[in-house]
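Number of protein chains: 2
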Amino acid sequence: MISVKEALQTVLNSNQNFGVEEISFIKSVGRILKEEILADRDFPPFNRVSMDGIAIDYPAFKNGQRDFKIEGIQAAGSEQISLKNPENCIEVMTGAVLPNNANTVIRYEDVTIIDEIATINIDVINDAQNVHPRGKDGQKGDVLIEENKIISAAEIGVLATVGKSTVKVAKQPKVMIVSTGDELVGVAEIPLEHQIRRSNVFTLVSLLERLSIPSETAHITDDKPILKSKIESYLQEYDVLLFSGAVSKGKYDFLPEVFDELGVEKLFHKVTQRPGKPFWFGRRSFLKENDLNSDNHTNDKYKKNTIVFGFPGNPISTFVNCLAYFYPWYYKSVGIKLEEETAILNADVSFKPNLTYFLQVKLSSRFGHLIATPITGNGSGDLASLVKTDAFIQLPNDKTEFKKGEVFPIIRYR
Amino acid sequence: MISVKEALQTVLNSNQNFGVEEISFIKSVGRILKEEILADRDFPPFNRVSMDGIAIDYPAFKNGQRDFKIEGIQAAGSEQISLKNPENCIEVMTGAVLPNNANTVIRYEDVTIIDEIATINIDVINDAQNVHPRGKDGQKGDVLIEENKIISAAEIGVLATVGKSTVKVAKQPKVMIVSTGDELVGVAEIPLEHQIRRSNVFTLVSLLERLSIPSETAHITDDKPILKSKIESYLQEYDVLLFSGAVSKGKYDFLPEVFDELGVEKLFHKVTQRPGKPFWFGRRSFLKENDLNSDNHTNDKYKKNTIVFGFPGNPISTFVNCLAYFYPWYYKSVGIKLEEETAILNADVSFKPNLTYFLQVKLSSRFGHLIATPITGNGSGDLASLVKTDAFIQLPNDKTEFKKGEVFPIIRYR
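Quick note, the sequences are listed as chains A and B, same order.
Using the working numbering, the first residue of the first sequence is number 1, and each one after it goes up by one.
Using the working numbering, the first residue of the second sequence is number 1, and each one after it goes up by one.
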């Protein structure tokens, strides 16, 4: 049995690189950017009018002139025109190029226009006001977005602006989620008295969807030869296998021995935590596409690892272990370093076993403090309790009494 | 000009009901649940074995017996069997039904099995231990999930468990996102000197995607008759129109007059805030499907409102107003009440104008405190600055000096 910290380190050390793919920028939200995004022009790309009004040559105003004959209009999206007479003005629109020979914009609110003469009604204006100068936000070639960023709406706007209609992102791992257990029936079925419906695989599908990872699901009956043959083919075909159940001490908990017989290297089995203790984690390495015994690594052969997460079958065990291990493994694999989030415990908690305790909490924000209120369910089988909470707070195993007001790391799932 | 508070209240008062639809449960993540989810059985549905081991009749142990002949195996997913002789035991697996006439489970770790005799190696066991009693987590008919909840992975697990292969959720509004402005070209195009690429519509598409709202986009040239005819058809066809640009004082800012001429009731125009001040908001009501002049409201006629959000065209103005107004409007419309989130300002800020200031901040979690560090960009045109921040902190207009350590509401976008 190893500690949560060691288990997590082992999982992180098994991170994989799934490569890069280029996709349409508008489909890239939630994906991990795998290129630097550079400014393709200066931003703004021209001296940009930032108020609707008139553009003048400032010295004329400074010399006391207040009435300006309107020479023309510079609309947004029109080619730059020129102010021909420095004692005249040009009407300008937000987003337009500042006309040649003009340098200052006075907004319509401060101007009266009668018979094509604009009269400025205020006494103080500043040279170059209401002009957003070319290159002020960034120069051509500047890095606007660093590599390895999770793409959100903010990044989408920048990608559009610089013309990145397609963008390089981390490829997602190919994931198969497998349930075992002969007590399980389909969601649309009516279970017999001694049966229950499959639920963990769908919870896992949804948790992976939060990471924009598509996944497939399968159910395998508790029959060792069948398990062995199906898992062998999944190991070949997928990057990651997630299992729920059959990793504990039961007579039909065949997975650890099946993994062993299929050459999946056990990196650990059992972690000093509650819930989720019987977690099994391992890796199978392949040399793909060519003779497995050859030492000659040519281009048409490559090493492939398949990572196996064998989560315990209780609903909350599966849920918390996906968040506590699969999520960090994925983020490490795609190059993201997440900040730890902490919250303030809102009640005294006593927990005697020498285990890290992932306690369900309801989160609330109060005066800039993140408050974690424990909601104790009925143990690791009580899936419905997850509906009432937002996160797990991680209470370390080096003490048994946790006081209201103390601060601990949390793992959110909403 | 109205305050942010009044504007928000007006927007919220314009909430719409888009009805309910029934969809596959596995597609429902991010949607709003529109039915109560009840337990279809007791949970657990039977006295459930919660450890792999042997099941006995407790009085035998209490009477001093330690060796138990194994009568059979109760696997998970098998019909309940019976302990025939109360001095024997049955091997039981996690998830199995507790056998008839047995009531207590001793885990394999505490038992030695030789020649079909299980010997208990510990002296203290509790009556009914390692059994999760029928109905402990919930009784048949209990409400497991309340209506009006955002569906996450936790809810998916419960839906699967109770056999809700389809589920009633709030229908999403039908949304059209329109850009205007002749300076705009497509993302894949090379802009001329005085042009820029369209970006706001894609930012809005992505912000709506976060709410699981699909949307369509269109661009309309700055030509009043064309604007009028296209917008009229969008008003008929969609529930919500989002515009970016053309709501300010420019000569080609036709939208307010087009809205007026098309019978869109202006609920407000301009809000005392920065950025995003020239925000236009209104509503058009229709009697659909039948004679508009009839007072006779039969079933084949209904009143339909189309809500119009006319966001200012600067990238950050559009972005913040979508978060500050469209998001709350949507949540109110689908029956969700969100808690306000607050953060602690990490620097002194001075802001003189009598406007509510939506200031961009980078968030970090420190000892259970949510810290908001201001990142000042180059004004409302500086889209790239959104990449560096996570949220807006909302600084009220009733003061001008904001001190490090003070707490204000935030609006997150990551």
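Think of the hints as simulated: they come from the structure by calculation, not from any bench.
Be aware that one or more of the hints could be misleading.
Unchecked claim - No more than 35 Å apart at the CA atoms, straight line, and that leaves these computed lysine-lysine pairs for DSBU-like:
{"no.": "1", "chain 1": "A", "residue 1": "Lys362", "chain 2": "B", "residue 2": "Lys337"}
{"no.": "2", "chain 1": "A", "residue 1": "Lys149", "chain 2": "B", "residue 2": "Lys136"}
{"no.": "3", "chain 1": "A", "residue 1": "Lys388", "chain 2": "B", "residue 2": "Lys249"}
{"no.": "4", "chain 1": "A", "residue 1": "Lys352", "chain 2": "B", "residue 2": "Lys136"}
{"no.": "5", "chain 1": "B", "residue 1": "Lys362", "chain 2": "A", "residue 2": "Lys362"}
{"no.": "6", "chain 1": "B", "residue 1": "Lys337", "chain 2": "A", "residue 2": "Lys224"}
{"no.": "7", "chain 1": "B", "residue 1": "Lys69", "chain 2": "B", "residue 2": "Lys168"}
{"no.": "8", "chain 1": "A", "residue 1": "Lys140", "chain 2": "B", "residue 2": "Lys362"}
{"no.": "9", "chain 1": "B", "residue 1": "Lys168", "chain 2": "A", "residue 2": "Lys62"}
{"no.": "10", "chain 1": "A", "residue 1": "Lys168", "chain 2": "A", "residue 2": "Lys140"}
{"no.": "11", "chain 1": "A", "residue 1": "Lys224", "chain 2": "A", "residue 2": "Lys168"}
{"no.": "12", "chain 1": "B", "residue 1": "Lys288", "chain 2": "A", "residue 2": "Lys62"}
Okay, the hints, checked on the actual structure:
For a cut-off of 35 Å, the pair hint linking lysine 362/A to lysine 337/B stands: about 16 Å separates their Cα positions. Simply put, lysine 149/A and lysine 136/B have alpha-carbon atoms about 45 Å apart, too far for the 35 Å limit, and the pair is violated. At most 35 Å may separate the alpha-carbon atoms for a hinted pair to count; lysine 388/A and lysine 249/B exceed this at roughly 49 Å. Taking the CA atoms of lysine 352/A and lysine 136/B, the gap is about 23 Å. The hint holds against a cut of 35 Å.
For the given pair, lysine 362/B sits about 24 Å from lysine 362/A by alpha-carbon distance, which is consistent with the 35 Å threshold. Using a Cα cut-off of 35 Å, the hinted pair lysine 337/B and lysine 224/A is violated, with the two alpha carbons roughly 50 Å apart. Our distance criterion of 35 Å between C-alpha atoms is broken by lysine 69/B and lysine 168/B, whose separation comes to about 52 Å. Annotation: proposed proximity of lysine 140/A to lysine 362/B holds, straight-line Cα distance about 25 Å (limit 35 Å).
For the proposed pair lysine 168/B and lysine 62/A, the alpha carbon gap of about 68 Å is over 35 Å, so the pair is violated. Our distance criterion of 35 Å between C-alpha atoms is met by lysine 168/A and lysine 140/A, whose separation comes to about 20 Å. Annotation: proposed proximity of lysine 224/A to lysine 168/A is violated, straight-line Cα distance about 42 Å (limit 35 Å). Distance restraint check for lysine 288/B and lysine 62/A: the Cα-Cα separation of roughly 59 Å exceeds the 35 Å cut-off, and the hinted pair is therefore not satisfied.
In this structure, the hints that do not hold are numbers 2, 3, 6, 7, 9, 11, 12, in rising order.
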